[in-house]
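Fit chains B, C, D, E, F and G to the known structure of chain A by using the hints.
Residue numbers (my numbering), protein chains in the order written: chain A, 1 to 96; chain B, 1 to 96; chain C, 1 to 96; chain D, 1 to 96; chain E, 1 to 96; chain F, 1 to 96; chain G, 1 to 96.
Note that these hints are calculated values from the structure, not bench results.
Here the structure is a predicted model, which is why all the values come from computation and not from measurement.
Glycine included, C-beta positions come from ideal geometry on N, C-alpha and C.
Some hints could be false.
A short, non-exhaustive set of chain G residues, derived as facing chain F with CB atoms under 10 angstroms [stated by the list, open to error]: (1) Pro10; (2) Arg11; (3) Val16; (4) Asp18; (5) Gly79; (6) Val88.
Counterexamples of contact, computed for chain D against chain E with all Cβ distances above 12 angstroms [as the list claims (entries may be wrong)]: (7) Lys14; (8) Arg58; (9) Glu69.
Per label pair, the in silico range of CB-to-CB distance [said to hold, decoys possible]: (10) D:Asn65 - C:Asn65: 23 to 33 angstroms; (11) F:Glu70 - D:Thr22: 45 to 55 angstroms; (12) G:Asp51 - B:Glu29: 36 to 46 angstroms.
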Amino acid sequence: MTGDPESSRPRLTKIVLDVLKTHVPSLVEFSSELSRVEGVSRVEAELIEVDAETDSIRLVIEGDNISYEELEKTIKKLGAAVHSIDGVVVQKTGKR
Amino acid sequence: MTGDPESSRPRLTKIVLDVLKTHVPSLVEFSSELSRVEGVSRVEAELIEVDAETDSIRLVIEGDNISYEELEKTIKKLGAAVHSIDGVVVQKTGKR
Amino acid sequence: MTGDPESSRPRLTKIVLDVLKTHVPSLVEFSSELSRVEGVSRVEAELIEVDAETDSIRLVIEGDNISYEELEKTIKKLGAAVHSIDGVVVQKTGKR
Amino acid sequence: MTGDPESSRPRLTKIVLDVLKTHVPSLVEFSSELSRVEGVSRVEAELIEVDAETDSIRLVIEGDNISYEELEKTIKKLGAAVHSIDGVVVQKTGKR
Amino acid sequence: MTGDPESSRPRLTKIVLDVLKTHVPSLVEFSSELSRVEGVSRVEAELIEVDAETDSIRLVIEGDNISYEELEKTIKKLGAAVHSIDGVVVQKTGKR
Amino acid sequence: MTGDPESSRPRLTKIVLDVLKTHVPSLVEFSSELSRVEGVSRVEAELIEVDAETDSIRLVIEGDNISYEELEKTIKKLGAAVHSIDGVVVQKTGKR
Amino acid sequence: MTGDPESSRPRLTKIVLDVLKTHVPSLVEFSSELSRVEGVSRVEAELIEVDAETDSIRLVIEGDNISYEELEKTIKKLGAAVHSIDGVVVQKTGKR
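Only chain A is shown next, with the shape it has when bound in the complex (with noise of 0.2 angstroms):
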């Protein structure tokens, strides 16, 4: 809307992870942590499949400006892995 140069850089605000975990740490642990990484502001993650070692779950992360790569990060450190990117929303101006 403005010509402002903050607004008119795209902003990663919403992102659907598919992705594989071990049991522990629980989905409650799993998710604060995620939320703790720079400019998310919402975790929501579902159960989709048990197996003997794994979870699969499915992720929804918002936030204003989320940042992939510190994201993708802390998956990891959990013990986890992104087994696909599933969707993504990235916009330019300030309303979302």
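Using the frame of chain A, we list chains B, C, D, E, F and G on its own:
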């Protein structure tokens, strides 16, 4: 939104649980007890399946800052068990 | 929201019941009687199945602070029986 | 909400009826006559099945305080019959 | 709401018709003609089935006080026929 | 609402068309041309099926007072044909 | 609404594309680049199918006045191809 340290700590605001309980206490008493847990403001319980000795229920628990540890403890005290954590919402900002 | 002791007591605000009733009293009279129970503000009844002697009905009862004990007593007095409690909402804060 | 005796009497605010009517009067005339009943403000009629002599219709009748007795009397006077009462909403407070 | 005699007469505010029409006039012309009928403010027409000589259409006609007699007359004048009246809304109060 | 002669003339405010077009012009160019037609304010086009020579598309065209004659002429000029008029909304009052 | 020449030129406000891209760049980078295109304010990307060498994605791109030419050029520059244009919204008035 603000740099307020309080609002930037992750808060568990919603949790969906698949729980196995005995027929007694009733769904009304069971839900009332859970709603007393710190940080919980609303408990929605739905009966999923009735077996000879047990009921499978689905709990959707909402609050500003739910203590999962206390929640799990209360569930056990009521003779029930968390079968799985099916969903979680964690938030860092004040808006819910 | 506030530390008001009144608002922090669990209140049953919604209950979903699967009830077996005789054909008489009619669904209109039956629902009217239940709506008189303390703390009830709205009774929605739906006819699910009609048998030779009985009707299966689904009740969705809402209120600010429903007394389940009185509700169950009234249901029995009307010649009906609670087959199962299928859903419950308990709240601790004032907002519904 | 208030202790107003008026607002705390149960009022029938919605009723869903499965009705069998003859082809004449038409659905338009039939619905108009029912809307004249005391306490009725809206009649929605849907044709469900057409047979040689009769129409099965589904009526959703809404109002502030519907008199079921008068409603049933009017239905009979129009040569039709209530096959079943499929749903009912009774309310005690002023809000609908 | 008020004792205004005008507002307490039943008014046909919606009617759903299953109509069989010839291919000519087109759906645009057919709907325009119907919208000219007294008390009609909106005509929605949907093509349901196309046969060699005829079109089956579904009409949803809305207005403040639709004259069904005039509506049916106009439909016949356009070479079409009401196959069935599938739905009706009659209202007594001013709010729609 | 008013006796304003302008507002009581039937206006075509929505039309749904099943159209067969050649691959060129593209859906973007095709829709832009249609949006230039008198009385049109919005054109939504959806690709339904792709064949060797042609595309089946579904058009939802909205406006305050769409000229169907001009719309059809423009469609033909673009090398396409109206396969069927699947829906129409005609209104007499100002509110849409 | 007004005779303002600016507002009466057709503007592409939404476009839905079926795109085939290589695995690199990631969906995050790909969407960010597209959001930089003139007139684009929001890019939503969804992963539809993963093959050995390519990803099928569905893009929903929104903006006030999207330049399709620049959009297509950017998609090609990123090593991807528009498989089909599945939907388009063109508007002439200011309201979206």
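Against the structure, the hints come out as follows:
no., hint, in the structure
1, Pro10, "holds, 4 angstroms"
2, Arg11, "holds, 9 angstroms"
3, Val16, "holds, 8 angstroms"
4, Asp18, "holds, 9 angstroms"
5, Gly79, "violated, 22 angstroms"
6, Val88, "holds, 5 angstroms"
7, Lys14, "holds, 14 angstroms"
8, Arg58, "violated, 10 angstroms"
9, Glu69, "holds, 19 angstroms"
10, D:Asn65 - C:Asn65: 23 to 33 angstroms, "holds, 25 angstroms"
11, F:Glu70 - D:Thr22: 45 to 55 angstroms, "holds, 50 angstroms"
12, G:Asp51 - B:Glu29: 36 to 46 angstroms, "violated, 54 angstroms"
This entry does not satisfy hints 5, 8 and 12, going by the numbered hints stated previously.
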